[in-house]
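Asker: Sequence:
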Amino acid sequence: MKRIFLSVFLIAGFVPAAEVFEAALGRETELPKGKEADGILGDFVLRSDKVEAVISHNASNRRANMSTFYGEDGVTPGALYDLTLRGAANDQLVIYSPCGHGPVSYVKIANVKEDGAAAVESVTTAAKNGGVFKRHEYRVKDGVQGLFITTVLRNESDQPQKAFTKDDLTRFDSTGTTSDGIRWADAINPAHKCGYALATFNVTGIEKLEETIEMQPKQEVVISRFFAVGTSPAQAVGEVLAVKGVKVGAANGEMVDSDGQDILTAKLHVPFGKTAVPGYPDGKGKFSFKLPAGPVVIEAEDLGRPNAQMNFLVVEGQVATAKLHHKAAAAIRFTITDESGKPMPCKAHFAPLDEKAPKLDLGPKWRARGCVDQYHSENGHFTQQLPPGKYRVVVVRGPEYGHLSKEITVEAGKTVEFKGTLKRLVDTKGWISADFHNHSTPSGDNVCDTDGRLINIAAEHLEFAPTTEHNRLYDWEPMIKALGLENHIKTVKGMELTGSRQHFNAFPFEPDPLKQDGGAPVWNDDPRITALTLRRWQGERADRWIQFNHPDLSNMFVDRDSDGIADGGFVGVGGMIDGTESENGPGTDILADSPFKLSRPAGSLAMKVSMSREFIWRQLLNQGHRLVAVGVADAHSVYGNGVGCWRIYLPSSTDEPAKIDWAELAPHAKAGRLVLSTGPFLEVTTQNGKIAGDDDRSTGGIDLNVRVQCTDWMDIDRVQVLVNSKPDPTLNFTRASHPQMFKDGVVKFAEKIHVPLQSDAHLIIVAIDEDGHQAIGYGTSDYAKMRPCAYNNPIYVDADGNGFKPNYDTLGFDLPVGRQTADKAKAQLVKAGLMQAEPTPAKP
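Using this note's numbering, read the sequence shown as starting at 232 and increasing by one per residue.
Just so you know, the hints here were simulated from the structure itself, not pulled from any lab data.
From a predicted model like this one, the values you see are computed outputs, not experimental measurements.
C-beta: ideal position from N, C-alpha, C; glycine also.
Simulated DEER-style distance windows between Cβ atoms: (1) 709 <-> 838: 47 to 53 Å; (2) 640 <-> 525: 40 to 46 Å; (3) 854 <-> 255: 49 to 55 Å.
Can you make the complete structure from the sequences, with help from the hints?
Answerer: Given below as structure tokens:
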């Protein structure tokens, strides 16, 4: 008996108990993990035997991420940053602030006398809050799957005061409220299987709680809430009901298919009164929900199977069980390899061919493995369930590979095989493809899974992609390795530093994940200060890259105050950066003939002015600004706004991504040896072997060797030479005017072009398919409408031996200033002959 008693005692001793500690002195390693985990050194960790949470400490500029909230008061100390089941490492919460956000007086461990409980308090004194004292207590209790949050508001002034009581809960796309007022939120990616539920239990000191309340002197208001976490919203709602005192029992179930395989992908519609809340089976096909007593019907929905139902009779305090033997799913199983037979990253998109087929929804646009009507795979081995029917299925891997296309009939209950080899058609030896600007969920202004972003990058065949999350130093390398993509993607640690005006990308840096923003600097409104800060942060280094992101070039170089008066912009800033984005997103306006265009948005009577960054870049080149152009996706989702629109090619001594060395690439990038492309691979070399970004010397003219390759799902039909940023009409070659120059294989164009020169000139070659699209590569995404296009950074030719000198031509338009109205823009377009003046109304 003694031995048995000791064994029981030891086991009981290992049961986790409620505790609270500061993430410091070695315990910072115990901060919860997950998709949205944002805890840092000095935060407070709350734990019970069921949950763990992070409360942000009171530090300068403390915030969960860049865009939690904007503005001077956008700091969020004393807020709930993370909440996950104990040990699950599955946080999906960006932030919860019980009564708004802003500076606080202090955050500290609260004194709790209740056994099995622990708490943190955040206090904002009346002196710091317009006379209203504010205190939030976050408390965990053993045996309870959530947090108790108690807020005290007290008017300590001698005058009536307004108090803000609306809470902040971000960011979820799928949310709802049950009939009894319980708010729920689902994980952005349902496959993560996490949900939250929140309810206000009690309010004292005021008759009705509104978003803004007026408090009389000495009046005190107390708000009690409970915030639950579960493996789904339905499980979290059940936990709220249990804590609320509702009579509940358990509905436990298991789901298997006709082969006895666990069903993991189903979505369960769990009724709470008249409201259905989503629930999910776990990794073994099992689920458990607390539900009000009574008969319950849970509907199971799973793509590729008919819906099914499970019936439960829930009894208070008891467990009702059911097992669903579901039909097999209709699906396609893919095995995609390269020419050596090795698995490879790829993307498949699906187009239903049946006339009345519903629109596909494989999952949210934020993830790679099933987004809208696509699937992005890290290794080419995957299965996609689909409703039975006929489909056109296309598999691609970026613009250097061919494509596979098949019409497939998917039968109910059956899995069809799709096997194929993607062949590399375009030879880019000596060059690597790169994108210097992309994002995932740590950036804050998007909720794209980080693994989804990296799979997206690999599937679109980008070989070098710096880590550039908003306002935090970060490193994608661990996730690249976890996905097995280290032979496909190389990254360096960096960031995008942003504010209300000019944004910057910069790398390499060394992040410290336990510091605010990973140890990143703070943005400044003067781009020169920001550029200098980035240049010197963590010590200057020769390979530090700094670029303007989606710049307002007029503001930077022409009109600093954007007041409509040219003042030279931020003088000297051009010499402080290494590159500037001329392309950001899917537009192809390099051949624009004016610095702006007019359009009338649907439903609007007013004309809208939009600036052409490419045209202004060409104007600035003529003013002597050697701005290295960069093309990027600036991706924030996977479908629609993923990577793969604009990219750059730059010289590399290796064609193997794992061996890429940024220190070797950096001098090429800084010299402007970059070719921008939406897909075509353009090579431009002078008779002397010079390429993009180089200086050359030639009298009377120069020969350019121009070669363009395209994969089997794109083409070009025009090659245009820009001389000092102007399209030369005598150097304009099209399939219609020069059919002998254009080919139909992978090599679309391979010609020597003689460019006559009487004076110094910089030369840009544009290869484009003027009426083309990329539907085979992108399916229903907006990127499908993108024209194949590529152009080089300028080659600078000294024609007289006295060194290159710019010609200062403004291409028929003044350098654009701010406050550009539609009327002003229209007047300039009419003057340039690009738009007709409206006829003057006849006099009566």
